[in-house]
Amino acid sequence: MIEATQPSNSPPVVTKMINPAALELYRQELQSRQDPDAPVVIVCCGTGCQAAGSVEVVDKFKEVLTGTGWSGKVVPMIKPTGCHGFCSRGPLVIIQPQDLFYQRVTVDDVEDIVNKTILNNEVIKKLQYKPANSKEVIPKAGDIPYYAKQTRLVLKNIGKVDPTEINDSILHGSYSALAKALTRMTPEQVIDEVANSKLRGRGGAGFPTGLKWESCAKQEGTRFVICNADEGDPGAFMDRSLLEGDPHSVLEGMAICAYAVGSNRGYMYVRAEYPLAVKTLTSAIRQAEALGLLGENIMGTGFDFKVTISTGAGAFICGESSALMASLEGKVGRPRPKYIRSVEKGFRDSPSNLNNVETYANIPDIVNRGGDWYKSYGTERSAGTKVFALTGNVYNIGLVEVPMGISLMEIVYGIGGGVPNKRALKGVQTGGPSGGCIPIPHKIPDINVGYGKLAEAGSIMGSGGMIVMDEDTCMIEVSRYFVNFLVEESCGQCTPCREGLIRMREILNRITQGEGREGDVELLDEIGRFTNNFSLCGLGTSAANPVLSTIRYFREEYDAHIRDKKCPAGVCKPLFHYEIDPETCTGCGLCKSKCPVKAIAGEKKKTHVIDQSLCIKCMECYKNCKFRSVKIM
Amino acid sequence: MKVLNIVLNGKAVTAKAGQTILELARENGVFIPTLCDSPALEAAAMCRLCTVQVIEGKWPKFVTACNFPLRRDAEVVTDSPEVRHGRKLIIELLMARCPTSPELQRLAADYNCDLERFSPLNDDCVVCGLCTRACEAVTGRTLSLAGRGTAIHVDTAFQKASTFCIGCGACVQICPVKKIAMEDVDGERRIILHGKIASRVQLPKCTSCGKYFGPVIDLKQVMERMGEHLIPPPNAAVCPDCSRRNLALKLGKRYFEQYGVFEDEGQADAG
Amino acid sequence: MSGTACACRENCNEIEIEIDYNLLDRIIRDDYGGNKEAMIMMMQAIQRVYRFLPEAAVKYLSQVIEVPLTKIYEVATFYASFSLEPKGKYILSVCTGTACHLRGSGGMVEHISKRMGITPGRTTPDMKLTLETVNCVGACAVAPVVVIDEKYYPKADIATLNDFMDRLNAE
Chain A
1 MIEATQPSNS PPVVTKMINP AALELYRQEL QSRQDPDAPV VIVCCGTGCQ AAGSVEVVDK
61 FKEVLTGTGW SGKVVPMIKP TGCHGFCSRG PLVIIQPQDL FYQRVTVDDV EDIVNKTILN
121 NEVIKKLQYK PANSKEVIPK AGDIPYYAKQ TRLVLKNIGK VDPTEINDSI LHGSYSALAK
181 ALTRMTPEQV IDEVANSKLR GRGGAGFPTG LKWESCAKQE GTRFVICNAD EGDPGAFMDR
241 SLLEGDPHSV LEGMAICAYA VGSNRGYMYV RAEYPLAVKT LTSAIRQAEA LGLLGENIMG
301 TGFDFKVTIS TGAGAFICGE SSALMASLEG KVGRPRPKYI RSVEKGFRDS PSNLNNVETY
361 ANIPDIVNRG GDWYKSYGTE RSAGTKVFAL TGNVYNIGLV EVPMGISLME IVYGIGGGVP
421 NKRALKGVQT GGPSGGCIPI PHKIPDINVG YGKLAEAGSI MGSGGMIVMD EDTCMIEVSR
481 YFVNFLVEES CGQCTPCREG LIRMREILNR ITQGEGREGD VELLDEIGRF TNNFSLCGLG
541 TSAANPVLST IRYFREEYDA HIRDKKCPAG VCKPLFHYEI DPETCTGCGL CKSKCPVKAI
601 AGEKKKTHVI DQSLCIKCME CYKNCKFRSV KIM
Chain B
634 MKVLNIVLNG KAVTAKAGQT ILELARENGV FIPTLCDSPA LEAAAMCRLC TVQVIEGKWP
694 KFVTACNFPL RRDAEVVTDS PEVRHGRKLI IELLMARCPT SPELQRLAAD YNCDLERFSP
754 LNDDCVVCGL CTRACEAVTG RTLSLAGRGT AIHVDTAFQK ASTFCIGCGA CVQICPVKKI
814 AMEDVDGERR IILHGKIASR VQLPKCTSCG KYFGPVIDLK QVMERMGEHL IPPPNAAVCP
874 DCSRRNLALK LGKRYFEQYG VFEDEGQADA G
Chain C
905 MSGTACACRE NCNEIEIEID YNLLDRIIRD DYGGNKEAMI MMMQAIQRVY RFLPEAAVKY
965 LSQVIEVPLT KIYEVATFYA SFSLEPKGKY ILSVCTGTAC HLRGSGGMVE HISKRMGITP
1025 GRTTPDMKLT LETVNCVGAC AVAPVVVIDE KYYPKADIAT LNDFMDRLNA E
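As you go down the protein sequences, you meet chains A, B and C in turn. Following my numbering from start to finish, the first sequence increments by one per residue and tops out at 633. Following my numbering from start to finish, the second sequence increments by one per residue and tops out at 904. Following my numbering from start to finish, the third sequence increments by one per residue and tops out at 1075.
Among the hints, a few may not be true.
Unchecked claim - Just so you have them, the derived chain B footprint on chain A, three or more residues with Cβ under 8 Å: (1) 498 to 509; (2) 514 to 527; (3) 531 to 537.
What the hints assert, rightly or not - No farther apart than 25 Å at their CA atoms in a straight line, the calculated lysine-lysine pairs in the BS3-like style are these: (4) A/K345 to C/K975; (5) A/K338 to C/K975; (6) A/K279 to C/K1055; (7) A/K573 to A/K598; (8) A/K345 to B/K649.
As the list claims (entries may be wrong) - Sample of chain B residues with no beta-carbon within 10 Å of chain A, all distances over it, derived: (9) A673; (10) K691; (11) D706; (12) H718; (13) L754; (14) G782; (15) G802; (16) Q835; (17) C842; (18) A881; (19) E890; (20) Q891.
None of these hints come from the bench; they were simulated from the model. Every residue gets a Cβ at the ideal spot worked out from N, C-alpha and C, and that includes glycine.
Chain A with its partners taken away, still in its complex shape (with noise of 0.2 Å):
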């Protein structure tokens, strides 16, 4: 934040900008401000981060930076920002302007990094960046494989900017989109870019955004902007990312949407599960219209918008855009059984144009560069770049922002480090609950990501979830995770999706408890394809597609499960049992020790025994034996 950390050289007084050449006039009074040389310390304060400790490192290098030993001339500004994306190494600070990276940073270290690297220019060894299997370090951030791959769009202020304090935004460019918008566009000019752009939605259908605001701006009445930010896709955090990162970015966006399809009334329905990001939310939004630059009479031009925020009480289905608007009504969020779009007939039954975070986020640049620049990214079919929740078995988890069309070998192992533990890739789960496995890379070599090509292999690109899977995973587990989930989150008021998933779940805890019969597997698939067809919305048309999707790529896993009684992956505990391979076993004694029900027995240097009567299955001797001597049964 400016003031609280240069008090010398307080922000210029603010006023509401009174019109769009004012708000240029106060970004360039900010950055005449601006000391290039001032060191910053900038800290990511994701909720990846603050899990692993990054607020109490803030507030220790406020306390060291103020307290009385500060020796240096100028105060360096600490900077509390969105989540960077790399969530695997937090706490991160990056110190500028030498944009040094430094990873796991506690408590502990703030002195070291104050006294050394600030004041002496002396890098802390212990806290750099090495990458996974490499000696070298990697000093700066920009130089870090995990960056330097991605194509930061959506997510470029990240990082960058303080959420917190809106004219480090400004500074950074917000609200200059929207000035343009406003002042030398007409709204059919604003939707002949976006739908020139070809940026398609964010949130899993993949609808032409374009399209989607020139329906909506041909209705007549009252018009609504809604923004869903319900991110419920378990593995799936893009949304939260932008909003605890970005507000002013999401916000701009609907803004410059109100404007192009004629509505004066934003609604942004959040998850309550995500407190941090309504909070900066929140304050985004009130200092955004104490600037005049949300609110009425935007920057003078006579255009009103006010954005309301509405947090949704943790169900999955009100991601679906009727049952959204359901519970906007502060009603139950089924879907609407209506063939009726909601551009014509939405919230409070009027013409609404909802998009995701992500979308909105997209509009800025898209105003301010041009369709045909964004178009420049990514493929014919889908243009643009794509954020996704990289996690699961993979080196480097977090977010990560690439062009569409980019080989998934690549998101996993140029971007992501590959597979951690020796252990072999065995595929990538995308689009979340109604999504699907891409068994790569040996039943599919690679596959390039976009709308079309994720359908055609049976998945979906959803929201961005993927979810990497090595030989380890059971499929059959994996689906009845996600069946199991929307079981729970299902609202179930339609037959084919209740009852079907109902009986899913039933078929395939038996399958994994061992108790599957011969024709399971051909009934899954009869029931899968019946729920994909008959349900009522979105969820239940795709609620089989795990299952599908595995049944398609995974066959022989569903057979030994049900004809052999075993789970190849060794999840199931049922169907496996370890033994210790007495070819391999050095001895060392290492699984012996880690075993915590004391089931191994064998002296040093020579082959161990696992007591079967003993042993819980709990894979710990599994994950650590150094020769994979410990075998799947």
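For this one, chain A is given, so just place chains B and C on it according to the hints.
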């Protein structure tokens, strides 16, 4: 009114724009099975039994006949093998919920259902939502679809016997599997749902014959909702039977007494 | 906030809670203008005060905003974040998002369930602990995550949980 050309099961017919497939089918004598549809209520498309295939462009898609509005020329197939197969599954799945329902048993026979495939999950309800929608249309104060996810079920607030119910019995009447009961016991009307008392409504005692009779307490409110507030509510102190009898007696007295033929109630009833 | 077992009827496990109707009025009328559309937010605000939705408070809400009680009950049972049962002194949420699941969060839920004798969503009889599961808190990099009273415990394991439960039992 725009007229559409529809090919319904291979036969050329015309439809009014906005008409649902179900309405069109009924007009043309084509039977489509339904469970959760009632002409008195807005379609909810929950049971999905009326699913048919419609081709408006290139590809056939599955839609529910009860609420799919025809907006342009199209081809509709109401009984394709795919449609029949889906319906068969719906019935099999619902039979596991409610095996004693004659309506479902009849459908199961029509669609050659295999009733061994799914183990019973008997809870005597097919969650068609008709009772809750009927309740909402009358007062909206007693029944709703409570519960998370697939545990959705018909319930009263806090699972307690409702004190807001007016005992109209619409839920009992409309239930397609006939699993909601109503009984008048000890001066109160009870709605029995899932074997539990879902509501208790005090019945008025007839001041004339002394019997308890159907609740009329809120009839005034119901009439107001129906826009018939001009009709005076019936006398709440006397049961409809007595009320009719008293009226007959009064009329009989007025018109027949002069001829000397009016002697007692029995004759008035016969006349 | 203290609660005592309700003595109204047999088999009644309700907790008697003193309801502050002035506070409810402030939430319903002042903060949200008595607007039906804001009902879910009002319910969230009421739940923040009592840590659950007391029946009496829900009834009062029903009267003020003129939404039938059964409709509020429908909403309260539909959304995962509402509880109609009082919560314990501590709330332990285990993230069961995909990343956490793959790293054994299911086993952790099982472990707590077994040791404390409660299934997810329920509270121990001594009202000390409520066990919950949450679909994804978005901290997948540090999976599995456990949240105890809004504090995140990254890379949690059975030992973390045992520590917590030991302290709880010692209290």
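* Per the stated criterion, does the least C-beta distance between B/Q891 and chain A lie above 10 Å, as a non-interface residue requires? -> Non-interface label stands for B/Q891: nearest chain A Cβ at 64 Å, farther than 10 Å.
* Beyond 10 Å from chain A, beta-carbon-wise, is B/Q835? -> holds (31 Å)
* To do: Measure nothing beyond the straight line between the CA atoms of A/K338 and C/K975; if it is 25 Å or shorter, mark the hint as holding.
  => holds (21 Å)
* To do: Please confirm whether B/G782 is truly not at the interface, meaning its C-beta sits more than 10 Å away from all C-beta atoms of chain A.
  => violated (4 Å)
* **Interface-negative label, B/A881 against chain A, beta-carbon threshold 10 Å** => Per Cβ check, B/A881 is outside 10 Å of chain A; nearest 49 Å; holds.
* Asked: Taking a Cβ-to-Cβ distance below 8 Å as contact, does the stretch 498 to 509 of chain A have at least three residues touching chain B?
  -> holds (count 7)
* Asked: Does the claim that B/A673 lies outside the interface with chain A hold up, using a Cβ gap greater than 10 Å?
  -> Nearest chain A Cβ is 17 Å from B/A673, so the label holds.
* Is it the case that B/L754 keeps its Cβ farther than 10 Å from each residue Cβ in chain A? -> violated (7 Å)
* Asked: Between A/K345 and C/K975, is the straight-line Cα distance small enough, at 25 Å or below?
  -> holds (23 Å)
* Given as non-interface: B/D706, which should sit over 10 Å from chain A by C-beta -> holds (16 Å)
* Asked: Taking a Cβ-Cβ distance under 8 Å as contact, does the stretch 514 to 527 of chain A have three or more residues in contact with chain B?
  -> It holds, with 3 qualifying residues against the three required.
* **Nearest-CB test (10 Å) between chain A and B/H718** => For B/H718, whose nearest Cβ neighbour in chain A is about 8 Å away, the distance does not exceed 10 Å, so it is violated.
Consistency note: the structure conflicts with the earlier hints numbered 12, 13, 14.
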